[in-house]
Amino acid sequence: MLTEIARAKLNLALHVRARRPDGYHELETLFAFVEVGDVLRVAPAEAPAFRVTGPFAAALAGEGDNLVTRAAARFAETFGGGAHAIELEKHLPVASGIGGGSADAAATLRALARFHDVALDDPRLFAIADRLGSDVPACLLGKTALGRGRGEQLAPVVGMPGTPVLLINPGVAVSTAEVFRRWDGVDHGPLDADPLAGRNDLEAPAREIAPVIGEVLETLAAQHGVTLARMSGSGATCFALFESVEACADAASRVARPGWWCVETRLAP
Numbered sequence: 001m002l003t004e005i006a007r008a009k010l011n012l013a014l015h016v017r018a019r020r021p022d023g024y025h026e027l028e029t030l031f032a033f034v035e036v037g038d039v040l041r042v043a044p045a046e047a048p049a050f051r052v053t054g055p056f057a058a059a060l061a062g063e064g065d066n067l068v069t070r071a072a073a074r075f076a077e078t079f080g081g082g083a084h085a086i087e088l089e090k091h092l093p094v095a096s097g098i099g100g101g102s103a104d105a106a107a108t109l110r111a112l113a114r115f116h117d118v119a120l121d122d123p124r125l126f127a128i129a130d131r132l133g134s135d136v137p138a139c140l141l142g143k144t145a146l147g148r149g150r151g152e153q154l155a156p157v158v159g160m161p162g163t164p165v166l167l168i169n170p171g172v173a174v175s176t177a178e179v180f181r182r183w184d185g186v187d188h189g190p191l192d193a194d195p196l197a198g199r200n201d202l203e204a205p206a207r208e209i210a211p212v213i214g215e216v217l218e219t220l221a222a223q224h225g226v227t228l229a230r231m232s233g234s235g236a237t238c239f240a241l242f243e244s245v246e247a248c249a250d251a252a253s254r255v256a257r258p259g260w261w262c263v264e265t266r267l268a269p
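Residue numbers (full-length UniProt numbering): 1 to 269.
Wrong hints could be hidden among the right ones.
[To be verified] Beta-carbon label-pair distances, calculated as ranges: (1) P48 to G259: 16 to 24 Å; (2) V94 to R181: 16 to 24 Å; (3) T3 to G214: 36 to 44 Å; (4) E243 to A45: 44 to 52 Å; (5) H224 to A193: 42 to 50 Å.
It should be emphasised that the hints constitute simulated quantities derived from the structure, not laboratory data.
Note that this is a predicted model, so its numbers are computed, not measured.
For each residue, glycine too, the CB sits at the ideal point set by N, CA and C.
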């Protein structure tokens, strides 16, 4: 059996530049990853099998087809390798802006690649990832990177590994499609090299749908030692970067609310 971590994805900045004729949006974003995530386990099997366990398993109950099973099927179509039993231990909230499903699909591709001696930089893996979803290539790469196009055009950049991070989800699921539908359609400018000077253009429409996101962001921004507080992706998960582990831990003890998912972690390498 192989185990792979599906690390949560953060958009340290997310600029929406234009709507595209194909229905997608032209983006400029800075992807980063944290140490926490879902856990994926893969083993050979006589027939394909998939099960979900973990704290957020119930949110996926009854799903016969999802990004994990699609990733496994497309890997088999491309590379062969037979059937596998896959267990997804779900620790990340669903529909939360931190790439849970995309990270799970990418972890599936990495695990199967390791199992069958496929190089992790094989272009065919990234082609599969691109067909599965806009965030899947970034999650497959798993490193700090600038993303353009739909987010699939990736350029690795120097990250900030070890930076303390506090993640908060207020217990609401936000529809990505609805958030993009409510985007104001205005190009507010390109992504600067410094994410602190950036923004998340999806924050305003997400706050319209779930006003509690504003409460989370205000709570995070008010904590001692915060260097950046922002919503990730289309929400509703928000994050704060801290100057020290101690400041992050102190904030975590102060901001907890009933029903809020609150996790201390660090930016991954």
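Hint check:
1. Separated by about 36 Å at the C-beta atoms, P48 and G259 break the suggested range of 16 to 24 Å.
2. Between V94 and R181, the C-beta spacing of about 20 Å keeps the proposed range 16 to 24 Å intact.
3. Between T3 and G214 the CB atoms are about 38 Å apart, so this pair conforms to the stated range of 36 to 44 Å.
4. For E243 and A45, the Cβ-Cβ distance of about 47 Å falls inside the hinted range of 44 to 52 Å, so the restraint holds.
5. For the pair H224 and A193, the supplied restraint of 42 to 50 Å is violated, since their beta-carbon distance comes to about 27 Å.
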